[in-house]
Amino acid sequence: MSDTSANSVAFVRTEQVPPSPPPFQTSGPVKWAKDNLFSTPFYSVLTIVAAYFIYLILAGILPWLANGVWGTTSLAECREVLDGVSGGCFSVLSERWNQLIFGFTYPSELYWRPALAFLIMFAAAAPVLFFKLPRKLLIITALFPFVAYYLIWGGTIFTPILALLGVVVGYFVYRRLVAGSFAAGFFGGVAAAFVVWIIGGMLIPENANETAMLQAVPSRDLGGFMLNMMLGVVCVSLSIPLGIALALGRQSNMPLIKWICVIFIEFIRGVPLITLLFVANVMLAYFFPPGTSTDLFLRVVIMITMFSAAYIAEVIRGGLAALPRGQYEAADSLGLDYPQAMRLIILPQALKISIPGIVNIAVGLFKDTTLVSVISMFDLLGMIRGPILASTEWNGVYWELLGFAALLFFVVCYGISQYSQWLERQLATDHR
Amino acid sequence: MNKSVFFGALTVAGMAAGVAAAGTLDDVKARGKLNCGVTTGLVGFAAPDANGEWNGFDVAVCRAVAAAVLGDATAVEFVPTTGKTRFTALASGEIDMLARNTTWTFSRDVDLKFTFVGVNYYDGQGFMAPKELGVSSAKDLDGATVCIQTGTTTELNLADFFRSNNISYEPVPIETNAEAQQQYLAGACDVFTTDASGLAATRATFENPGDHVVLPEIVSKEPLGPLVRHGDNEWGDVVRWTLNALISAEELGITSANIAEMAAGSNNPEINRILGTEGTLGEMLGLEADWAMKAIAAGGNYGEIFEGNIGESTPIGLARGLNAQWTDGGLLYSPPFR
Amino acid sequence: MSTITDPPQGAFRLSMLLNDTRYRSYTFQFIALILLIAAFAFLGSNLISNLTAAGLNISYQFLGTPAGYDINQTLIDYSSQSTNARAAFVGILNTLLVAFLACVTATIFGVIAGVLRLSNNWLVSKLMSFYVEIFRNIPVLIWIIIIFTIMIAVMPGPRAFRGDEPSASMILNAVAFTNRGVYIPAPIWGPGSMVVVATFILSIVGVIGYRRYATKLLYDTGKLLPMGWPSLAILIVPTLLMFLIMGRPIGLDVPELKGFNFAGGIKVGGPLIALWFALSIYTGAFIAENVRAGIQAISKGQTEAAGALGLRQGRIMNLVVLPQALRVIIPPLISQYLNITKNSSLAIAVGYADVTATLGGITLNQTGRAIECILLLMLFYLTISLSISAIMNVYNNSVKLKER
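Protein chains in written order, with the working numbering: chain F, 182 to 613; chain P, 47 to 384; chain R, 20 to 423.
The set of hints was computed from the structure by calculation and includes no laboratory data. It is possible that part of the hints are untrue.
[Said to hold, decoys possible] In the BS3-like style, the derived pairs of lysine-lysine whose C-alpha atoms are separated by at most 30 Å in a straight line are:
1) R:K319 <-> F:K533
2) F:K212 <-> R:K145
3) P:K185 <-> P:K75
None of the values given here were measured: they were computed from a predicted structure.
Bound conformation, chain F alone:
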């Protein structure tokens, strides 16, 4: 029977048939669209609605961008050029570029100084942001505040040098004393730095500012996006150590210190930033010694730093609480005292957990620097709402200016949050 079956078959295929392509319906873009866009009737409706929505937005914005006018000197001129066609008057950006970035009172011949400081900032931030870079680069980071201060404010070079000297002396005193106890080292270092500053402050000649190499610029003249950047960078950097101290204080088992920290944190977190800025603007002046005056920039920095420190303290407290109890006990059983345990065991881990939270706070804080426009400081938004929109030439150019401000903030904040996500993945050492 076996041969009949062999013979009864006319043709036996000797090789595999090449697989035919899947039906048109189940492959390629069509399948993708079916799976991802039209899988159920409800989703199909959603897709169509979303597509129409996107079309509406693009139809509004694209011609406006494409027909944009650059290079006119006033809105009226710009409207003439456009001649009824819808289009943006982007000339306001090019014409007022310097004002938007540097404010309207920063001397125009000195723009290179903040710009240079801005560039150095990247070099200074790099070793902090990317751990793989050589640690030697941290020297740039350590020097950056003094260099940036000198570049932006100018004046006598003695001030930043003196400040640096105080920090260096303080550091050496700290290193010397820290072997005995952390507290002695810390307070000794701070005291030494203050001694240097006070003695040095007396030595700086009275007219040093007039004879300085870089022309001094009062901080009232700062403005534009530069002001937002400066407030953001300065306040975030200052508030991290303060936030750590507050978080540790809140965890402390010394009731007095604990309650001081709790009240401070809850008070600051309970009020809007704008009221704190009002305090900086209209109240704080009454709390300084009579006859002295501190400029508004410094007052605002103090308030914003306190504000973000309270929030950062809560994030770090979360990090501290998330550490297993065993870590604390292990540190104790090794015989480490409190500062050592914190520095070597607890904080490195707690801070690692807190980094995404801290970055979130930093982004939020940077966005909140726009609130200073409400208290008559001319940051980016202040420039737009005040001098530029009030000027005869550009009275009525809202979308271009607000869009520009939104874009600038978006680029910076989105960049930071992307970095934070990248960092989170880098630091994820646990096994999931």
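Starting from the known structure of chain F, fit chains P and R onto it as the hints suggest.
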């Protein structure tokens, strides 16, 4: 300034002792700069131009005082203030004087303890409406939506006016002049109210100023003038008499053009006293003998400042009106220099 | 009388204050106390000497004097003759109003965007990611101003409704969108209207009772009654019948153009709408992220287990995922509500009369009492924040996983 930031930081740490509170005049001389509070921007009165240079009618007063005290009309630090911050800025010593169209009122003088040294502009609150609305009097505004720039006495006057005329309205308070303009032009409010001078200044920035009318009613008295803190009479005298010097200069015909010639000596003893060639008025104020000459030379006499910044030849186009010399039927009347 | 178990009673030495852990914390606290007192004394003495130098005093008498200004949107009776305290109270109510409205809508936006972002629909989930990123990364103040500007510049003014060929018209002849706000009809309560309202309230009670009954039936017998349509019917039909029986006692006061503005109806002011919308769409982006994180925190096994039990997609969401996700979502949600309340202080940028604009704005400007006004303002926000935190703590404790 960077030093003050640095020492400011020390102050916060409680390490630096306060500077002994000397008189404002000595402070200004020691500092070499006058800190003058102005508005955040009102074209014609005080506004930064495209180069960041402050210009305007109020600014000119600051410059005149700086010229009188320091001999340099550019030695002024302009501090932009809002309606909210101006009084604290002055009371706390952040600024030496405030020249920010501020109305002289009883409570500001007595309760808030400021000294108004005089009046540099007699103003009154008015209304502006689009021509197409067909409104000819503020009494026709029953039910209208009114944009107000906050921070002055405007809100109170408005409430009083509508209350006493028994008509209703809807107030829309707005922080900055730019935003008030935006809302008014977009038709979000029917009328815009602020001081008549401010209305003229705002209208001047419109694309078609002719489409808008300023209604005839002036609903309040708004004597605007520079002010200083109570209790420092020497400094108050300096600012007061600088302002008076500007006004007297116009009355006596001293202009920035002929001042050099007049300073050489003239037949009019009052001119000589003002310009310091006769008598010791400057010394009495604690200033140089030629203080008033410098103040007048800085921007001209009152009339020149007015014409140059807000007068009829400028886009703002204000008539002198009440602000003419008393000899021309106005209210400007400087006490004699004697 | 010392026994051997007593620790060695060394004489107290001064150095023990620093080196002995039993005393060290007292030393530190003492130092902290001294520093605290010194700081307060320093600031206090500065304040007093500054105030005396300026001849000022701290006094709250201004609260009792007439405010003298008008407010455009008030929930309670207010005129320019009312006191500053009442003006502040009007502001407080306005703050609470916009905060409440924005919390509700922000939650709706956030939940929709958060769920849709996880959907399988590629276009929609990308669109939602775009929404979340763009709103989270641009300052809320800019959004408030942008939305207010849209409101002012795009919506027609009341003038556009006038004339023979108006360029704008009212929707259904009842609702008008203008750049001053939205005018909607107001109900007129005629005689007998109370009966209708009472019927409506009874219907609500009826709906709740029906749903309870249906749930009980489901758990007891496994029989599933339909929920949606009957509830709706119970809610509407009796009220509608009663409305017709009583002879239509509730009328509508439709807004109409009169003079400069629309008259009649209820006006929802432009600043309120702009602030409300801006806050809810901005905070909605944050809530969307919280919702997404909450849903993703529920392990996939839960969904699969529910699926294995034969539950439908909607029921899996409602009965299994959401109840568990809520535990994760609610705490950050409450802090977003707090943020809305605090961000509502930016009303100052659009001229909405919240407490920052009345007490911290016009009252402060007019009376010049900066310190007093700002202290009161902070006290108000602090009270709100602390009470919301307290509620949140109670909630957190009640939903805490009870394990071990």
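Does K75 of chain P lie within 30 Å of K185 of chain P when you go C-alpha to C-alpha? 52 Å, violated
Holds or violated: K319 of chain R with K533 of chain F, Cα cutoff 30 Å? Since the Cα atoms of K319 of chain R and K533 of chain F sit roughly 27 Å apart, the hinted pair holds (cutoff 30 Å).
Is K212 of chain F within 30 Å of K145 of chain R, Cα to Cα? This hinted pair holds, its Cα atoms lying about 18 Å apart.
The structure fails to meet hint 3 from the earlier list, while all remaining hints are met.
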